[in-house]
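These two chains come separately, so use the hints to put the complex back together.
Chains as they are written, first to last, in our numbering: chain P, 952 to 1483; chain Y, 107 to 240.
Mixed in with the good hints, there may be bad ones.
[Unchecked claim] Below, a sample of chain P positions facing chain Y; criterion: calculated Cβ distance under 8 Å:
hint, residue
1, Arg1051
2, Phe1056
3, Asp1341
4, Val1363
5, Lys1365
6, Gln1447
7, Gly1450
8, Ala1451
9, Ala1454
10, Leu1479
11, Lys1481
[To be verified] Listed next, the stretches of chain Y that the computed footprint assigns to chain P, with coverage defined by at least 3 CB atoms under 8 Å from CB atoms of chain P:
hint, segment
12, 124-130
13, 134-143
14, 146-155
15, 158-169
Read the hints as simulated data drawn from the structure, not as lab findings. C-beta: ideal position from N, C-alpha, C; glycine also.
As a plain string of letters, each chain reads:
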Amino acid sequence: MSDGGIGVFICSWGSGKDPKLDMDGLLSFASGIEGVALVKMIDRICSKPGQKEMIAAIKGSGTDRFVVVACSARTKRKLYRHIATSSGLHPLAFEVASVREQAAFVHEGPEAQRKAETLVRMAVEKVRLWVEPPFEEEMPALRNVAVLGDGLMAMAVANEIMAQGLTVDLVMSGGSPKGSPPYIFSNQDEMDRALRSMAEASSDPRMTTIKNASVLDFQGPPGDFGLVLDVAGEMVPLRCGAVVLAPEPRMELRTIDGSPAPSAQELIARGLRRIVILPSGASSGIGCSCMTPRGTLYALSLVDAAPGIEVSLMGREARAMDWMEGLQRLAQEKGIRFFRIDGEPKVEGHAPTVITWRDPLLGDMRLQADLLLLDTVLTPEVQSLAKAFDVPVDEKGELLSIDSRLRPGETVRKGVFAARFRVGNMLYEDMALEAGSVAARALEMLSMGTLEVGGAVAEVDQEKCSACLGCLRVCPYSAPMIGQAGKAEVRMELCQGCGACVALCPSRAIDIYCFSDSQIVAQSRAALGKVR
Amino acid sequence: MMRILAFCCERGPGEAIDLAGEKRMRYPADLTLIQVPCAGRVDVAHLLKAFREGADAVVLVGCLEGNCHHIYGNIEGRKKVDRAKQILDEVGLGGQRLEMFHVASNQPFRIAELAAEMASRVERLGPNPLAVKE
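Just chain Y, same shape as in the assembly (with noise of 0.2 Å):
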């Protein structure tokens, strides 16, 4: 079994997540969702540590571009992301094992694309290799 973990604000994407469950939509079980209260929150530090400790794949979930509750959050979240993504590439881990996504409150089906976007991934580019060694 994959481990994606996703850091959501808890706002667009989180209303998102309520509605996919209200809506009964299926997204694998895989996806473990984190909320925080807004994608600027996340630092680099919370996504390289999520890889340290096994995870697949790291997924930054804010909301949409300009339409961030906190301004720009979604915006400062990005630039964290990239930063990670150039360490992960750095040390071999691979930049496509994190990725950054915007979803709206009435996009629950976003959730599920992502999901199975890094799901994707993952198998493209295989297990943590930091997971295996254990």
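Next up, chain P with everything else stripped away, as it sits in the complex (with noise of 0.2 Å):
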């Protein structure tokens, strides 16, 4: 398959310092792989003059395709794509072989030479058979997004949506933007101009509103979805280039009982006197376990109301940044108390409730209280949407982001963006800046107009196809469908590689770029040493 030969890159990262793998050894080990038509070693692929080495080489020698023993793909992907198309092959023309974290990390000595060999020999053996994916970079992208929420939050990511030129959809399950918003605000000049930028937003012509929809469908390629909501009992469509979920979160003190925590004049009224504060997610694990400025402000409320009162507050720790810091440190001189708690506190009885816990600085505590408060936050929208999205929930009952550190706001579904609250603190300003995240998120796959579609994509061979509809069950994404000669065709945008059609497909009529059945066969034999 391979014109030009196979280019195999090692870089020497490692061979001072980590001593369990002879690099030489595995250069010459590579060099006699039948096939190879260049072995080099560089130093550090991840460096500049080492990028620049071997884009030359790979330019120099003709080889079309390479293989590189250095660092995972999962940490270097990026990079190694970008030596590709740097040197003028297809974008996915190379293979990995991680000799560092599945041979030189776990393995010793002799072992960890042969691993290393092992795995060098299966991704020349995988690439060698690689076949040049399509790629297609002009699937035009709708320059509008649906933004599904109720408050501020989907007011502020339309807000910087249509700052940016693109129209919003803002679809509402409700009738009317909820209540008071649930943040909490450094001062009434911030609170104002969120209303009033709230306000503005919706009288914008580039925003539509749909009040009281609900998802029913949600269908298509990214940059394209096709969504039916049904509004008031009626089926309405609506397409979209991107989705961004952004449901209000709404918090509450509550009893244990779930009723409203009382104001002060109650709380004298029935004689309550030691009134404690627990996060829920300190005894519940639903939500956040930290002290919250929520908790301070309402306590402030009723030491001002009702000298006599005596609030504690728990939590697993006090995240009190900027003004907060004042807030807290004027609660503890007008003697509220702060603790906290290490694993899960005991709440026994009911008024007097005795709290037992851990503290991590002056270990076992005790506390009777006449009310115990539970602080939650609740976003009762997540379920649903979660459901219509097909966007799994986490165990604190937020929308799932695939990677919170590395793509935040995104969603395991190409082009639906969550945006997820802090649930600790509930401060107006954090939430302003998630909200523009994940409108920055959006903006970024649809700015340019055009998404890239294909690669490692499935694709059907139309001569052995029986269609016998079994790929078009199996797909999670509805991309195969029979086409006009009533043959399976998959449609290259919506097929997101995962290849449950191929293992399926009783014709053997279906394979998948980059992760073709020869490929798999090979790389296994390969792996079992039955490879020349």
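Structure representation (structure tokens):
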């Protein structure tokens, strides 16, 4: 398959530091493999000079695919792609032998060396059978975003998107923005500005508001999603380039039986003097387990109104950034007590309630309370949104992010983004930052006007297809369809490359680029030492 | 030396493999990993062919149930493993040589565990008779 031969590049990192791998031995091993036209040791592939050297070597030798013997593709895939394209090759024309993660770091001595050789052999055998996948960068993307949410968060996301010239369809589950915003504002001015921008957004001509809507169906490729909404009993279609889920959190301070937190007057009237506020996450695991500014604010309102009341706040940690620190100092000066908890506190009895817990510094602690309040943050819409868009929910009840540090705001569905609230603080400024960052992710995808599709996608050999519909049933993305010829075809823009249809096809009519049947078999043969 | 071949989903389990490396965990070098885009990519034929090529044990590693990036790819993979196990029992190789494991990205220790589990099974069942014949 390979006309120009295979290039093998060995990153020399570790040849000095890591005595386990004999890099020169690996080099001579690789040059002995049939079809390998070029073997080169590169001093640190991740360094600029290293990359230059590699690109020059590929250009000079005429190889059309290569193997990198270096760090795992998970950490360096973008870099390897960059090297491939800079050398004039297809961006996927490479294979990685991660000899560090799978050999040097986990095995000893000669075993590590043998394993590294096996990995190089497997990568060469796999890349040998590599077939250039289709790549299309011209798939047009719609320049409007559907934002789902009822409150300030959705409005903030919409504002950011409209500021960049895109249009927004705001899909609300209710009839109007929900009551008072649940966020904590640093001052009146910030609150006024927030409410003003919300009002401005709703009158912006670039925004269409759809009220009383729920999502019935969600289909199509990223860049051209098709939603079907149920708007007060009527089915309404909506096309959009991307979707942002921005459910508004609801915060609540409730007693253990679910009634709302009483006012100071009520507490005095009922003779309740000792109040304990516990974040719901500390005892139930749902929500956050930090002391929150909301609890502090409530406590302050109590001691100001009724000086005889004793309030204790508990939490795994207190996050008090910026002006919040002053608030907590003020609370401490007024006699409000803060306790840290380690592990799960034990709550027993009812009026008085006895709470026993472990303080990381003070050891075992015990406190009696006339009234226990739970500090809870709930996002009721999360479940239905998660279901409609097939986005998983994490153990804290938030929409699962694909990687909260490296890819914030992205969900496992390409083109579906989620604004996650910072449960602990509920500061307005934090929420505004989150909204801005999520909007930026959506804009990043749509701003070019086109999307990249293709790569490791499945393809049907129409000659072999018997139209059994197996692939249509198994595909989670509805990518296969029966075409004009009465045979299955896979829509490249929808295919996410999982390969479920390939494994299922009884006629063996489907194969997938970059992970073809022949490649997998060649790799397992190489792994088992069955290659020359 | 045993030959244990593992087909690994490149998402959760792939992440776990890298993490096992970064944490310098030790696992037997008998285990060789082949990364696939999803556990659902693996076919009965891949599993059986591996035995014909001399593997003493074969493993399919997918993400945790309910946690598949492709929704139910790991369940599809499990179906294939169950079918291949039946065939292995029928031909007398023993379905125990094949197993499905579910590993999350933060469970690198499970890679070492599954290697040890399969190694102990191979010790009990002996080497792959197809490989011995050659």
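Hint check, failures only:
5
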